[in-house]
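S.K.: So the protein sequences, as listed, match chains A and B.
Going by the working numbering, the residue at position 28 of the first sequence is 28; the numbering climbs one at a time, nothing skipped.
Going by the working numbering, the residue at position 2 of the second sequence is 2; the numbering climbs one at a time, nothing skipped.
Please note that a few of the clues may not be correct.
Said to hold, decoys possible - Think about it this way: if two alpha-carbon atoms lie no more than 16 Å apart in a straight line, the pair counts; the simulated EDC-like pairs of lysine to aspartate or glutamate are:
1) A:K108 / A:E67
2) A:K96 / B:E11
3) A:K36 / B:E101
4) A:K70 / A:E54
5) A:K57 / B:D57
6) A:K70 / A:D83
7) A:K96 / B:E18
8) B:K78 / B:D30
9) A:K59 / A:D18
10) A:K96 / A:D18
11) B:K68 / B:E101
12) B:K78 / B:E18
These aren't lab readings, by the way, just hints derived from the structure by calculation.
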Amino acid sequence: GQQVMQIPQYQHVQEGEDFTTYCNSSTTLSNIQWYKQRPGGHPVFLIQLVKSGEVKKQKRLTFQFGEAKKNSSLHITATQTTDVGTYFCAGWGGNKLVFGAGTILRVKS
Amino acid sequence: DAGVIQSPRHEVTEMGQEVTLRCKPISGHDYLFWYRQTMMRGLELLIYFNNNVPIDDSGMPEDRFSAKMPNASFSTLKIQPSEPRDSAVYFCASSSGRGNEQFFGPGTRLTVL
Numbered sequence: 001g002q003q004v005m006q007i008p009q010y011q012h013v014q015e016g017e018d019f020t021t022y023c024n025s026s027t028t029l030s031n032i033q034w035y036k037q038r039p040g041g042h043p044v045f046l047i048q049l050v051k052s053g054e055v056k057k058q059k060r061l062t063f064q065f066g067e068a069k070k071n072s073s074l075h076i077t078a079t080q081t082t083d084v085g086t087y088f089c090a091g092w093g094g095n096k097l098v099f100g101a102g103t104i105l106r107v108k109s
Numbered sequence: 001d002a003g004v005i006q007s008p009r010h011e012v013t014e015m016g017q018e019v020t021l022r023c024k025p026i027s028g029h030d031y032l033f034w035y036r037q038t039m040m041r042g043l044e045l046l047i048y049f050n051n052n053v054p055i056d057d058s059g060m061p062e063d064r065f066s067a068k069m070p071n072a073s074f075s076t077l078k079i080q081p082s083e084p085r086d087s088a089v090y091f092c093a094s095s096s097g098r099g100n101e102q103f104f105g106p107g108t109r110l111t112v113l
């Protein structure tokens, strides 16, 4: 079945350092979404990418969707302590929606 | 709008008991999703509905789990009988379209002893 692999599982960075998480799908996706979940909270939508090769920015966050629509990345520039949490990608392939396992980000101040 | 509402927020029960989790989606959203989150398995989609009709229930772990959506403003996820391995956080989410942004509820933390 469709799988979405997300790496790394965990990253601990010093405040001010950059952070990147990657998603790879076994099948072509119609779109990909990114969510953030704070500890003890629920996933909150960040962004959706639809077009091949699409790049979107939200302040310090940069999202990319691969040319083949099978991979995506989230890059955070100059992390802050408010960035802590788990970042999930989620992709639709056909009628299936699959979430990646998430990347846990910890930021040392 | 109050967002997606789930109840109860916490549930502690004993093995073998029936558990019913409830969800009220955002008004006007025609898609509703049920998820289960554990440390071991991450966030899993259990089932989703479109216009109150189940579209994909392939994520429902076994026959002990059932979900219904009798109307556009209410859905239930039932576990009968419950087992300790069902302990998890169960999220409900709704959206205005299949590929659109999903709004998650606060979740129900279920503990089965």
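S.K.: Of the numbered hints stated previously, which ones are contradicted by the structure, given in increasing order?
M.R.: 1, 2, 5, 6, 7, 8, 10, 11
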